[in-house]
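Each protein sequence line maps, in turn, to chains A and B.
Residue numbers for the first sequence follow the working numbering, beginning at 1 and rising by one.
Residue numbers for the second sequence follow the working numbering, beginning at 353 and rising by one.
Don't read these hints as lab results, they were simulated from the structure.
Ideal Cβ positions, reconstructed from N, Cα and C, are used throughout, including at glycine.
Among the hints, erroneous ones may be present.
[As the list claims (entries may be wrong)] Per label pair, the in silico range of CB-to-CB distance:
id: 1; chain 1: A; residue 1: W201; chain 2: B; residue 2: A570; range: 34 to 42 angstroms
id: 2; chain 1: B; residue 1: A570; chain 2: A; residue 2: E174; range: 50 to 58 angstroms
id: 3; chain 1: B; residue 1: S485; chain 2: A; residue 2: Q351; range: 52 to 60 angstroms
id: 4; chain 1: A; residue 1: A328; chain 2: B; residue 2: I551; range: 16 to 24 angstroms
id: 5; chain 1: A; residue 1: N48; chain 2: B; residue 2: N655; range: 41 to 49 angstroms
id: 6; chain 1: B; residue 1: R476; chain 2: A; residue 2: G338; range: 51 to 59 angstroms
id: 7; chain 1: B; residue 1: G425; chain 2: A; residue 2: G338; range: 40 to 48 angstroms
id: 8; chain 1: B; residue 1: A662; chain 2: A; residue 2: F305; range: 40 to 48 angstroms
id: 9; chain 1: B; residue 1: G425; chain 2: A; residue 2: A328; range: 56 to 64 angstroms
id: 10; chain 1: A; residue 1: P215; chain 2: B; residue 2: E556; range: 33 to 41 angstroms
[To be verified] Here are the simulated lysine-lysine pairs, DSS-like style, with alpha carbons at most 30 angstroms apart:
id: 11; chain 1: B; residue 1: K638; chain 2: B; residue 2: K548
id: 12; chain 1: A; residue 1: K157; chain 2: B; residue 2: K688
id: 13; chain 1: B; residue 1: K681; chain 2: A; residue 2: K218
id: 14; chain 1: A; residue 1: K88; chain 2: A; residue 2: K172
id: 15; chain 1: A; residue 1: K88; chain 2: B; residue 2: K638
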Amino acid sequence: MANMAQAIRMALHYAEEHLGVTDIFGEDVGAPLGGVFTCTQGLKTTWNSPLDERGIIGAAMGIAMAGGRPVAEIQFCDYVYNTIDLLKLAGNTCWSTFGDWNLPMVVRTPVGSGIRGSIYHSHSFDATMTHIAGWKVVMPSTPLDAYGLLITACQEKNPVMFLEPKALLRVKGEERIPGEPDDDRALSKLIDAPLGDRSQWKPQWPAGLEAYAVPFGKGKIVREGTQLTVVSYGRTLPLCAKAAETLAADGISAEVIDLRSLWPYDWELIKASVQKTGRVLFVNEDTEVTNFGEHLVRRTVEELFYSLLAPPRLLAGKFLPGIGLADALEMASVPQLGDITTAIRSLAGEQP
Amino acid sequence: MSRPRLIKESSEASAPLERELLVRIHDLMVKTRVLEERLIQMYKQGHGYFWIGGPGEEAFNVSLGLLMKKGQGPDFDYLHAHYRQSGTLLALGEEPIGSLRQMKNTATDPYSGGRNFAGHYSARKYNVAPVSSPIEVQYAIAPGTAMVQKRHGGDGITIVTGGDAGTAEGDFASCLVWSSRPVNPLPILIIVTNNKWGISTAAEGQHGEQRISDRGKAFGIRSKTINGNDVVEAYTELREAMAYVRTERKPFLLEANVSRLYGHSSASGANYASNEVDCLTDFEAKLEKDGVLTREQMDALRNNYTEEMAAAARLVRDEPQPDPESIWKHIYAEDK
């Protein structure tokens, strides 16, 4: 099965062939590199931008204004912060002009820890991004969802922030993307650029790719359970699923929801699950103060208070200025499998 | 073979403008000035929370609007404007009452539905990108429309305008960089209207280059500084710069020295600055001297516009404010 980077590449290929995507660009996005995570190798509308994030977001806005359909990349979300007011502007353009202008643009950026990326390659961006209204914000945890969410993003009329959990970009999926070959090695031969000289290389895209779309605002239950609900997305989602699987042996039945779409988000799915289990743990790795999970906790308290058997919990990144390079520092800064297992076990057993 | 044509146009640049054109420019300049003075009056009478605009830039801004290739889509000119360009919008054909409605933040405000400040235009029908309060962001956005136009073909260009103080922002440098990359030079007219102020800070406290247009030289961008207060110079230099961008499909940096006749905004009082050159007064003296228009004709024109604007303001005063529920409209393109 394809990994997430390959899934993104195939979705972008489909989008530039069939969905009107005109410009896939950013720092080192074009040939020969095709992106520092290889997500844009071999695509026909790629180009390399100057090393200028404000220029990248600005150009995407301008391209969208003039009828193009850009997919811009910020190489690491750690470098998106100097564009915040442009993100705000992109988010308010339709509203400020009372619907006169809208910006069909996608921004992709790798987020989160997991590659020992030190202080400027480990940031998360979901907490900050969900503060900026007028955008749709998504974050897949599997290659198939990455493909499907990106197909939807490339059909949107509004700005979409597509957050790529960098720790999962190289992880192979368990579900087949419609059209991808059965054999991973065959896929790699078709679409992975060779090492060394690539000047003569051209990808051979799988013929059967299709507009498999995951709608925005729809989460999914990745594991059913009855005693408590775990809601996560991105890097921590597979860890939550793993923890739930391990704890099942101890008789703890945890339901795990992959939110996939942060704005809009699937409140109905969360609500139905929490009303069933009475306990909920929200997990993500952005810093915990004014974290998106805090919003979900607040809403749970306000709307589901009388369904709760225990306080809703949030497990998130420590509120630190950065994530340190050393293995022990990174592990101590953002939720790991052990932290999640402990949190689920603790919540499952919590009594008044 | 575009060079010889440009040299020819260059010689035309110094040729006098047709009488009919001078009268049209004058008409629009008066209309713009009266509009701005009405907006200031509305602010002072409590019919609006804030005024910002461009009295003192009429000679340049009206000329720009008249010279734009007006329409929607990449075949036509895009304008990434700033908040001093009512003259350009009126020259494009906008009715002044829309500006009054935005000033009074009525539900009928055609540019923002009562959401944005005066002078913050948006007119997709004319490719006028939304004006926003943060200075200079438009310089980062403009290369995007120019890139689409370059690829699209045709002779549509992108025009971006901003003030001199804002050129300190990195977005101005972004614009120079993105417009002049050897792999993809862009058809973009980069304009700086230099009024020598950034709110209360004089140019000497803002930047040290002799001319802002000199910054184009490092990028190989053809550049020029002009007197934006002179109608003939503004019109002919804009025409020449636009012809260059239109035919060569390359950037041009044009710095226009202009005046700021009523200060930065209502926050600084919005009172007439008698120590600045008034492009309208100068132009009227020239028109009278050259026998193009008489003093009586020009006074009558101003009186007509004054009455027209007063009547429009009375109309706007009674128009409804936005419905509170309207805050939920247009967050996304699908929220009609």
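Hint by hint, here is what the structure shows:
A hinted range of 34 to 42 angstroms for the beta carbons of A/W201 and B/A570 is consistent with their spacing of about 37 angstroms. With their beta carbons about 54 angstroms apart, B/A570 and A/E174 fall inside the hinted range of 50 to 58 angstroms. A beta carbon spacing of about 54 angstroms between B/S485 and A/Q351 agrees with the range 52 to 60 angstroms that was offered as a hint. Between A/A328 and B/I551 the beta carbons are some 50 angstroms apart, a value that contradicts the proposed interval 16 to 24 angstroms.
Distance hint for A/N48 and B/N655: a CB-CB separation of about 59 angstroms, inconsistent with the stated range 41 to 49 angstroms. Here the CB-CB span from B/R476 to A/G338 is close to 54 angstroms, well matched to the stated 51 to 59 angstroms. Range check, B/G425 to A/G338: about 57 angstroms between beta-carbon atoms, so the 40 to 48 angstroms window is missed. Distance hint for B/A662 and A/F305: a CB-CB separation of about 58 angstroms, inconsistent with the stated range 40 to 48 angstroms.
Take B/G425 and A/A328: their Cβ atoms lie about 57 angstroms apart, and the range 56 to 64 angstroms holds. A C-beta distance of roughly 57 angstroms is found between A/P215 and B/E556, which places it outside the suggested range of 33 to 41 angstroms. With a C-alpha separation of about 25 angstroms, the suggested pairing of B/K638 with B/K548 holds against the 30 angstroms cut-off. Distance check on the hinted pair: A/K157 and B/K688 sit about 13 angstroms apart at the alpha-carbon level, within 30 angstroms; holds.
Annotation: proposed proximity of B/K681 to A/K218 holds, straight-line Cα distance about 23 angstroms (limit 30 angstroms). This hinted pair does not check out: A/K88 and A/K172 have alpha carbons roughly 34 angstroms apart, beyond 30 angstroms. Distance check on the hinted pair: A/K88 and B/K638 sit about 46 angstroms apart at the alpha-carbon level, beyond 30 angstroms; violated.
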